[in-house]
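Asks: Construct the entire structure; sequences and hints are all you get.
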Amino acid sequence: MNAFRASTNTMFRTCLLRENINDRRRDFRLWYNLRGLKTTGKILREIPRMYGSTNIYRHICRSCVPMQIKPAENTSINIFDRRAKFLQRERAARAPDVEVYDYLKEEVGYRLADRIFDIKRKFKLAVDLGCGRGYVAKHIDSESVEELVMCDMSPTWLDQVPNPPNVKVRREVVDEEFLPFEPASLDLVTSSLSMHWVNDLPGAFRQIITCLKNDGVFMGAVFGGDTLFELRSSLQLAELERHGGIAPHISPFTEIRDIGSLLTRAGFTMLTVDTDEIVVRYPSMFELMWDLKGMGENNAAYNRKLHLRRDTAVAAAAIYKQLYGNNEGGKHSIPATFQIIYMLGWKPDVSQPKPLPRGSGEMSLKDLYRLDEVISKTKKMPLDDQTPEPEKKK
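Residue numbers (the numbering used here): 1 to 394.
Check the hints yourself; a few may be wrong.
[Stated by the list, open to error] In silico lysine-lysine, DSSO-like type, Cα no more than 30 Å apart, as pairs:
hint, residue 1, residue 2
1, Lys354, Lys366
2, Lys321, Lys366
3, Lys168, Lys213
4, Lys120, Lys138
5, Lys120, Lys366
6, Lys354, Lys124
[Stated by the list, open to error] Here are the computed distance ranges between Cβ atoms for each label pair:
hint, residue 1, residue 2, range
7, Ile278, Asp372, 38 to 44 Å
8, Pro155, Glu362, 56 to 62 Å
9, Leu240, Val374, 57 to 63 Å
10, Ser261, Pro353, 39 to 45 Å
Derived by calculation from the structure, the hints in this document are not laboratory data.
All values derive from a computational prediction rather than experimental measurement.
All C-beta atoms, glycine included, are put in the ideal place defined by N, C-alpha and C.
Replies: Okay, here's the thing in structure tokens:
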């Protein structure tokens, strides 16, 4: 069947190059009959007169070859296979030793929860997107959050989340790409190591700011672009040597320079974006890949290669050991770098501080070299912030 299509398409392209219009009519009739289309001599006689010989190709494509084009249901680009990610998380949650692989997410969840305590406010309603096994929720107390909604696409993980003390808790199975909350209903939204698997990250940020109340806060942590660069380069070098090409075995991550612009486009203000690196050491590359599977963080890219040949994996492990391995204390190990990007943004509100108007500065940047002189001339105030008494006249 494919050979028949190829031959008829070749004949169609050939007949367009005919200089004699009668030869074109004959070739078109033969091409139509091979394709199973009904043709009449009247149609073929009218085509050159009505459209001219130079427009025959356009007329054929529009009028004589029926086509059905379905509109795209989703305009966003699907980078990740969300169905595969759901199955990976469910498999990780059902493992008997699931708590063994929580070390990385526990650390990041603790650091993200510590940033919540820096805000001297009690949030009435907070949402933890992609909560996993409660890596952020287990550190929240009643002094910072009154009610917490824990959301994840894995119902098995949700069942394993412990309840924070003295905090009202709800559990909902939610996909991070489609939030079910009412507009302006949330005071705080957190997400720890979950949103790097979202296909439409700008759209997710817009949904979050829509659900937040005015002066609401969003805090998140995602893997950065330098995450697992050792594993990525080792697999690429091994595949180049074995197959002459490379395949995406490590999912793409967001760069830190893009996070700020995405939050600004979504409408957040008073942004804070910073990065941190956590280096974990493993005996070999295979223990690293096993732990990633236990975390539910294995590859879920749409264009991923489903299988990695054994000889390629052994070659990648040898390259990893040669390039990055070391012997500390007589024990050989390899490092794995996890770059964590922390982000914080506020929904605009009239009560928030505004930047000073342009031209209100009292010192020019060109006078920075005189900074010590300016500071020395500044009136000094007592440490107890009390206004100094005026000097008595003699």
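Asks: Each hint should be assessed against the structure and marked as holding or not.
Replies: Hint check:
A C-alpha spacing of about 25 Å is found between Lys354 and Lys366, which places the hinted pair at or below 30 Å, so the restraint holds. Distance hint between Lys321 and Lys366 is unfulfilled; the C-alpha atoms sit about 52 Å from each other, more than 30 Å. With a CA separation close to 20 Å, the supplied pair Lys168 and Lys213 stays within the 30 Å bound. Between the alpha carbons of Lys120 and Lys138 the distance comes to roughly 19 Å, so the proposed pair stays at or under 30 Å and holds.
For the hint linking Lys120 to Lys366, the alpha-carbon distance of about 38 Å lies beyond 30 Å, and the restraint is violated. Under the criterion of a C-alpha separation no larger than 30 Å, the hint pairing Lys354 with Lys124 is consistent with the structure, at around 25 Å. Between Ile278 and Asp372 the C-beta distance comes to about 40 Å, which sits within the given range of 38 to 44 Å. Take Pro155 and Glu362: their Cβ atoms lie about 59 Å apart, and the range 56 to 62 Å holds.
The beta-carbon spacing between Leu240 and Val374, approximately 59 Å, falls within the hinted interval of 57 to 63 Å. Here the CB-CB span from Ser261 to Pro353 is close to 22 Å, at odds with the stated 39 to 45 Å.
In summary, the numbered hints that this structure violates are 2, 5 and 10.
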